[in-house]
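Going down the list, the sequences are from chains U and F.
Counting in this note's numbering, the first sequence tops out at residue 379, every number present.
Counting in this note's numbering, the second sequence tops out at residue 268, every number present.
What the hints contain is simulated information worked out from the structure, not anything from laboratory work.
Just so you know, these numbers come straight off a predicted model, no measurement behind them.
Glycine included, every Cβ here is placed at the ideal spot set by N, Cα and C.
Watch out, some of these pointers could steer you wrong.
[Said to hold, decoys possible] Calculated Cβ distances over 12 Å to all of chain U for the following chain F residues:
| # | residue |
| --- | --- |
| 1 | Thr133 |
| 2 | His145 |
| 3 | Ile150 |
| 4 | Glu158 |
| 5 | Met172 |
| 6 | Trp212 |
| 7 | Ala216 |
| 8 | Glu226 |
| 9 | Arg230 |
| 10 | Gly259 |
[Stated by the list, open to error] Restricting the straight-line Cα-Cα distance to at most 20 Å, the calculated cross-link-like pairs of lysine to aspartate or glutamate (EDC-like) are:
| # | chain 1 | residue 1 | chain 2 | residue 2 |
| --- | --- | --- | --- | --- |
| 11 | U | Lys333 | F | Glu199 |
| 12 | U | Lys160 | F | Glu141 |
| 13 | U | Lys178 | F | Glu199 |
| 14 | F | Lys190 | U | Asp168 |
| 15 | U | Lys335 | F | Glu153 |
| 16 | F | Lys155 | U | Glu240 |
| 17 | U | Lys178 | F | Glu158 |
| 18 | U | Lys139 | F | Glu199 |
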Amino acid sequence: MAQPRLDKPGVQTIYGHSYPELETRKLNIAVRRKETYLCLYMSNSQQSRMPDSSDPPPSELATLKAENAALRTELSEARKTNQRYLQNVAHQLTAPLGAIKWSIEALKDSTVPIQRKSKLLSSIYSQATILVHLIKNFALMSNLEADLELGQFRERPEPVDILRLCINLANDFQPQAAESEKTIIVDEISFQNALQGKKVQIVKNLVAQAVSNLLENAVKYSDARTTILIQAERASGPQSANCLVVSVVSKGLAIQAGEVKSLFERGFRGSTAKQKVPAGTGIGLYLAKRVMMLHQGTVGLRTNGKESSFTLLFPMSSLV
Amino acid sequence: MTTVLFVDDEPWFHESIRITLESKGYECLSVTDMSAALDIMNVREVSVVVTDIMMPAGKDFPNIDSQETGFHLIKKLKAEWPQTAIVCLSVIGDEAKLRPLRSFRIEYLRKGEVPLATAIQTIERAAGKGGQRVWRF
Numbered sequence: 060m061a062q063p064r065l066d067k068p069g070v071q072t073i074y075g076h077s078y079p080e081l082e083t084r085k086l087n088i089a090v091r092r093k094e095t096y097l098c099l100y101m102s103n104s105q106q107s108r109m110p111d112s113s114d115p116p117p118s119e120l121a122t123l124k125a126e127n128a129a130l131r132t133e134l135s136e137a138r139k140t141n142q143r144y145l146q147n148v149a150h151q152l153t154a155p156l157g158a159i160k161w162s163i164e165a166l167k168d169s170t171v172p173i174q175r176k177s178k179l180l181s182s183i184y185s186q187a188t189i190l191v192h193l194i195k196n197f198a199l200m201s202n203l204e205a206d207l208e209l210g211q212f213r214e215r216p217e218p219v220d221i222l223r224l225c226i227n228l229a230n231d232f233q234p235q236a237a238e239s240e241k242t243i244i245v246d247e248i249s250f251q252n253a254l255q256g257k258k259v260q261i262v263k264n265l266v267a268q269a270v271s272n273l274l275e276n277a278v279k280y281s282d283a284r285t286t287i288l289i290q291a292e293r294a295s296g297p298q299s300a301n302c303l304v305v306s307v308v309s310k311g312l313a314i315q316a317g318e319v320k321s322l323f324e325r326g327f328r329g330s331t332a333k334q335k336v337p338a339g340t341g342i343g344l345y346l347a348k349r350v351m352m353l354h355q356g357t358v359g360l361r362t363n364g365k366e367s368s369f370t371l372l373f374p375m376s377s378l379v
Numbered sequence: 132m133t134t135v136l137f138v139d140d141e142p143w144f145h146e147s148i149r150i151t152l153e154s155k156g157y158e159c160l161s162v163t164d165m166s167a168a169l170d171i172m173n174v175r176e177v178s179v180v181v182t183d184i185m186m187p188a189g190k191d192f193p194n195i196d197s198q199e200t201g202f203h204l205i206k207k208l209k210a211e212w213p214q215t216a217i218v219c220l221s222v223i224g225d226e227a228k229l230r231p232l233r234s235f236r237i238e239y240l241r242k243g244e245v246p247l248a249t250a251i252q253t254i255e256r257a258a259g260k261g262g263q264r265v266w267r268f
C-alpha cells in the first residue's frame, strides 16, 4: 500500500499506486518472492525430510497461496491499468499529429479555396500548440521526479510577478475558451490585495506549467458560455497554514467525493471528466501537485456542486 | 445538396475532411455528442453520418459509457434511419473492439492512419457518389 515518505525536510515523495509502472514492478517482485518461498517449501516437503522448526506450518502455506493468488490478481489489474494509460498517452500524442497530417494533405488540394486554407493553417498551428504543451508536460514529469528525489530545483527560483504570469496565460488560453464562448477573467484586485506589492520566489516555467494545467482543465471541462476566474488570496486558519493561494474557479463538472483524493494521482481521470471528454492523459493535476511540492507548497480543491476551485498554495516565505 | 454529419468530440480532427468536402459542394454539419447528433437527425435529412466511437453520449444518455458511445449511436441510426450511410472515424486499432462494425458492414477509417484522400473517397462512396470500395480494419 502506498505510504508517504519524507525524503528531505518538507519534501514529500509518495511511492505507490500513483505510479503504474513502479507499482507493476513492485508487484512483480512480490509475486516472485512469494513463488520462490512456495517452491522452496514444496521442494523441502517433497524430500520427506524431518520437519524443520523454521518451516512454516501447513496453515501458513495456505495463507501464502491465498496471498499469492491475490497478488497475481493485483498484478494483472496493474498491468491492465498501465496498458490503458500508455494507450491513452499514445492517442494524445498521435491525434494532433494525425490532424496536422490531414490538414497538410488538404492544403495541397487545389480545389480547396485559399480562404479555407488559412483556416487549415490555423488548425495546424493550434494542434502544434497542443502537442508542445503535452510534450512539455511529459518532459516536466520526468524532470520533476528527479528534482523531487534530489529535493532541489533544476532552475534557479526568481522573483516573479505572478499576476502578470496569470494574465499572460489567460491570454494564451482565451482563443481556445472562446470556441465554446467561455471567458477567462483574472481578478487583478484580488492579486493586488494578496500580494501587497510583493513578488513570488518561484521557478517561473514550472509554475506557469502548473497554472496552465489548471487553466487547460477549466477550459476543457467547464460548461459553454461560463466564466473561468483566476484569483488570489492570503489564507490562514486551522485547516491551512499562512499561504498565498492562487485559484482557478470554473463551473462544469460535479466532482465525485470519492474521487477527490485520486484526482492528483498520475494518470487518474475522474468519472465525470471521462464522460465529458473521453480522451486525456490524467497528468495535468499530478504535475501541478509535483510543481507545488518542489516549491514547498501544495495544491487544493474546493467544490460546490458543479463549481470547482483548484488551488495552488505557496508558503508565505516565498513572497519577496 | 448532400449533407454529411460529423459526430466527434474532437471536431478539429475532421476539419480537413470537412473543408475538402465543402470545397466539393457537400454541406457538412458537426456535433460533439450522440444526443446532439440525434437532434440533428430528427430535423435534417442527412446522407452520411461520420461518427467517432469514444465520445460523450450527451444530455439524453447519461448512462452510456463514453468509451463506446459510437456503437450505441450506430445501432440507433441503423434502427431509425436505415437509409443513412454510416462511416466510422476513430482511433481504435483493436480488431476485437471493431467487430460490431463488421456485423453492421460499416466502413472504418482510423484517424490519422489512412490518407485524407482515402477518407474523402470513402465518405463520397457512402454518399453514393462513386469511388473504389476499400475496407480498412
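Hint check results:
| no. | hint | in the structure |
| --- | --- | --- |
| 1 | Thr133 | holds, 16 Å |
| 2 | His145 | violated, 8 Å |
| 3 | Ile150 | violated, 5 Å |
| 4 | Glu158 | holds, 15 Å |
| 5 | Met172 | holds, 21 Å |
| 6 | Trp212 | holds, 24 Å |
| 7 | Ala216 | holds, 21 Å |
| 8 | Glu226 | holds, 15 Å |
| 9 | Arg230 | holds, 18 Å |
| 10 | Gly259 | holds, 20 Å |
| 11 | Lys333(U) x Glu199(F) | holds, 12 Å |
| 12 | Lys160(U) x Glu141(F) | holds, 15 Å |
| 13 | Lys178(U) x Glu199(F) | violated, 31 Å |
| 14 | Lys190(F) x Asp168(U) | violated, 38 Å |
| 15 | Lys335(U) x Glu153(F) | violated, 29 Å |
| 16 | Lys155(F) x Glu240(U) | violated, 30 Å |
| 17 | Lys178(U) x Glu158(F) | holds, 17 Å |
| 18 | Lys139(U) x Glu199(F) | holds, 18 Å |
Hint violations for this structure: numbers 2, 3, 13, 14, 15, 16, all remaining hints satisfied.
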